[in-house]
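Enquirer: Residue-level listing of the chains:
Protein chains: 2
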Amino acid sequence: MKTTKKIMLPENEMPTQWYNIVADMKNKPLPMLNPATKQPLKPEEMEALFAKGAVEQEFSQERYIDIPEEVQTLYKIYRPTPLVRASGLEKALDTPAKIYFKNESVSPVGSHKLNSAIPQAYYNKIQGIKHITTETGAGQWGSALSIACQHFGLDLQVFMVKVSYDQKPYRKSVMNTYGAQVFASPSDQTEIGRRLRRKFPNTSGTLGMAISEAVEVAIKNPDTRYSLGSVLNHVILHQTIIGLEAEKQLEMTGDYPDVVIGCFGGGSNFSGIAFPFLRHNLTEGKTTRFVAAEPASCPKLTRGEFNYDFGDTEGFTPLIPMYTLGHDFEPADIHAGGLRYHGAGSIVSQLIKDNLIEAVDIKQLDSFAAGVLFAKVEGIIPAPESTHAISAAIQEALKAKEEGKEKVILFNLSGHGLIDMASYDKYLSGQLGNYEVPQELIDKNIAKLEKLV
Amino acid sequence: MKTTKKIMLPENEMPTQWYNIVADMKNKPLPMLNPATKQPLKPEEMEALFAKGAVEQEFSQERYIDIPEEVQTLYKIYRPTPLVRASGLEKALDTPAKIYFKNESVSPVGSHKLNSAIPQAYYNKIQGIKHITTETGAGQWGSALSIACQHFGLDLQVFMVKVSYDQKPYRKSVMNTYGAQVFASPSDQTEIGRRLRRKFPNTSGTLGMAISEAVEVAIKNPDTRYSLGSVLNHVILHQTIIGLEAEKQLEMTGDYPDVVIGCFGGGSNFSGIAFPFLRHNLTEGKTTRFVAAEPASCPKLTRGEFNYDFGDTEGFTPLIPMYTLGHDFEPADIHAGGLRYHGAGSIVSQLIKDNLIEAVDIKQLDSFAAGVLFAKVEGIIPAPESTHAISAAIQEALKAKEEGKEKVILFNLSGHGLIDMASYDKYLSGQLGNYEVPQELIDKNIAKLEKLV
Chain F
56 MKTTKKIMLP ENEMPTQWYN IVADMKNKPL PMLNPATKQP LKPEEMEALF AKGAVEQEFS
116 QERYIDIPEE VQTLYKIYRP TPLVRASGLE KALDTPAKIY FKNESVSPVG SHKLNSAIPQ
176 AYYNKIQGIK HITTETGAGQ WGSALSIACQ HFGLDLQVFM VKVSYDQKPY RKSVMNTYGA
236 QVFASPSDQT EIGRRLRRKF PNTSGTLGMA ISEAVEVAIK NPDTRYSLGS VLNHVILHQT
296 IIGLEAEKQL EMTGDYPDVV IGCFGGGSNF SGIAFPFLRH NLTEGKTTRF VAAEPASCPK
356 LTRGEFNYDF GDTEGFTPLI PMYTLGHDFE PADIHAGGLR YHGAGSIVSQ LIKDNLIEAV
416 DIKQLDSFAA GVLFAKVEGI IPAPESTHAI SAAIQEALKA KEEGKEKVIL FNLSGHGLID
476 MASYDKYLSG QLGNYEVPQE LIDKNIAKLE KLV
Chain V
56 MKTTKKIMLP ENEMPTQWYN IVADMKNKPL PMLNPATKQP LKPEEMEALF AKGAVEQEFS
116 QERYIDIPEE VQTLYKIYRP TPLVRASGLE KALDTPAKIY FKNESVSPVG SHKLNSAIPQ
176 AYYNKIQGIK HITTETGAGQ WGSALSIACQ HFGLDLQVFM VKVSYDQKPY RKSVMNTYGA
236 QVFASPSDQT EIGRRLRRKF PNTSGTLGMA ISEAVEVAIK NPDTRYSLGS VLNHVILHQT
296 IIGLEAEKQL EMTGDYPDVV IGCFGGGSNF SGIAFPFLRH NLTEGKTTRF VAAEPASCPK
356 LTRGEFNYDF GDTEGFTPLI PMYTLGHDFE PADIHAGGLR YHGAGSIVSQ LIKDNLIEAV
416 DIKQLDSFAA GVLFAKVEGI IPAPESTHAI SAAIQEALKA KEEGKEKVIL FNLSGHGLID
476 MASYDKYLSG QLGNYEVPQE LIDKNIAKLE KLV
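As you go down the protein sequences, you meet chains F and V in turn. Under the working numbering, the first residue of the first sequence is numbered 56, with each subsequent residue one higher. Under the working numbering, the first residue of the second sequence is numbered 56, with each subsequent residue one higher.
Treat the hints with caution; some may be incorrect.
Because identical chains share one entry, a pair is satisfied inside a single copy or across any pair of copies.
[Claimed, not checked] Straight-line alpha carbon distances no greater than 35 Å define the calculated DSBU-like cross-link-like pairs of lysine-lysine that follow:
#1 Lys-131 x Lys-303
#2 Lys-131 x Lys-60
#3 Lys-462 x Lys-341
#4 Lys-431 x Lys-60
#5 Lys-303 x Lys-60
I should point out that these hints are in silico values taken from the structure, not numbers from a laboratory.
Chain F on its own, in the form it takes in the complex (with noise of 0.2 Å):
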């Protein structure tokens, strides 16, 4: 037979329902806690910042949840994305490695936040809230939830990380044309946002202080929730389709993986494509590996703790169980602003604990030098988040010609990088380099969580 580049899924086969993970885990994620009693977070605790359906979602033991009709129909724009063999990438690797990857960048804001914007916003809405608030690291979540509120009739205030707002100002320009507002983290907008601008005069911002800042305002106005684009079980649980239709489309070529990459910042993405196959390591005993791929400059995963943390800056959520790197954590201004984020979901954290999936990291010139390569051969120009992901699946597959192997690898194309040219044009000028952590800040920051719990 021949092979066919892109594997598409008819619109009718689009999954209906999203895969719940925490049903077929033995040992179940921890509980969220309240930081004030210490003990664990209740629903009701949390419908003061989030819409009703995601809660309910966050804490669901249910293995498999319907995707609303509205939801399917609006996901039916940009989905099924194309799985792709990626023949070109293999070709110039030499590898007898086959390599696929999940076409997520079709999305009209080019990345896959919008799996998750929409029921967000959609769940809102039905529960008649008018405004919600949001951070956004590198934009892609941003401008997912800018047009999805747009769809919905909700007004957005984006909180964007001030370096990611300085890399990539037509990332701002995106989330305008939809309808967005939008301020550089931290901002005078909030009293967090002001007093870390008095205290850091010189910050570059962070995922952390962002998401401090868009919670403070949500909680000071009840009409206002909070929509956050990653870390959380509801988030990576609208991600699943992903892996529920890559794993329809694999089907069709008669492959199955061996290894399923993804990027990691919160881990919505990597999560997303992994988990619908990590089920059938969890139930029927298969052996794929899965590997979420960070950023050396933000290494919570393959140098941070597994332990409670806040997830922003200010303390201003419930304490997650996290692989972590501490709250007050700030990475280098790397420009995968996607992945600087200091700690990972409590889902993806028991499994990193477990041994279930594992975690590389990756330096940010192998990253852009593995971004180059791929928009030479296949065509598409990654989002600097991806290209973590494709770095990783090109270290597998020269893995697999060492060994003679014809190993099976899959990988999550998150987003494209048409909006991050500024980094792209650093890159290919000579003007970026690597990050190293020195372990004495990771040692320090981790001796402060102590006292948390």
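Following the hints, complete the assembly by docking chain V onto the known chain F.
Expert: Only chain V this time, still in chain F's reference frame:
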């Protein structure tokens, strides 16, 4: 039956031939002339400049021309592209019209230009050519040819119109990432470029100037060929894949277009979507209308004259029978750089002359207003060029509403605007204006044409 939002054509139903409208034209386009002899240009005279495969197609009278298998394989990286029911736009306009658009923005470079870049690079490759030169306006064509040349191992020099080079710095980065060399035109790389810089030190550049530069390099280097992204018959031919697919996709819905719309620069995306439908007007008496949407600031179809003219500023090209504003017309610095061209291709010009297609001029502010509305209701931020087609489609949909008619409107979304966000920024902050072309300027330019033939 439930209407789906996007209509996908299975990969194995992608057309395997391009459609050459010349075969069905009663009045054939006039021949191009050798400017020295004033005699019809012979194929062999074009071969110093273009690949043989392209030249053969330029002169072909065959109705259908096979798409080489290797080109088909590469097309399938992104083709068939979706046909989309613009239900969001219909709702926003409250129109009884059904609006469809062909989404060419899904190609890896974000526009339809790859449809011709792939075969042009292919024909050069099989001829053993190693070096290519080209011009680019907005950068869509340059990006497309960059990746096609990268694939076939050809090196590429791109002369990019200075105003676009400055307005869209990241377009250059895209081409660089794909391995091409990019110069702002007029440049110091060519004699004509240096002369133009001396004569007009403040010029923003034009497509005509950039073509002169690229052609000069090809003329002076016998191992180099030139490649053009629009205007010529073989380019138009390659783009008919758009309309041929759209025809099959519309058949799946049971609809047939009453009006087909494309934005208009040199004619490639307009012709690509229009000609396969126009075929049925010419051969079966269908009465579909065809509307070319040009910028009011470069109104060659609505206010230019049908005459022989050069394709470039310097007069390096053959004389082309075209609707033109004169080859030294310098349009205002509008943000739809891809439409800033003084002339129309010879086939389109003949069809306009014979009243088989219509033209409409769109003001810059109307085009951006249409673009922002489209982004909000359909999710995709359109290229500034494509917004002209959207604006014309909106006009038709509002007319249908006035008349209470359920018209079927089809337009081509030639590309997305994600690398054009600086233009949207300017529009949203009120920094853009409209540009009127004084009639004296057009008259003066056109008077000069009399001497050419």
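Enquirer: What hints, given by number in increasing order, does this structure fail?
Expert: Of the numbered hints, all hold.
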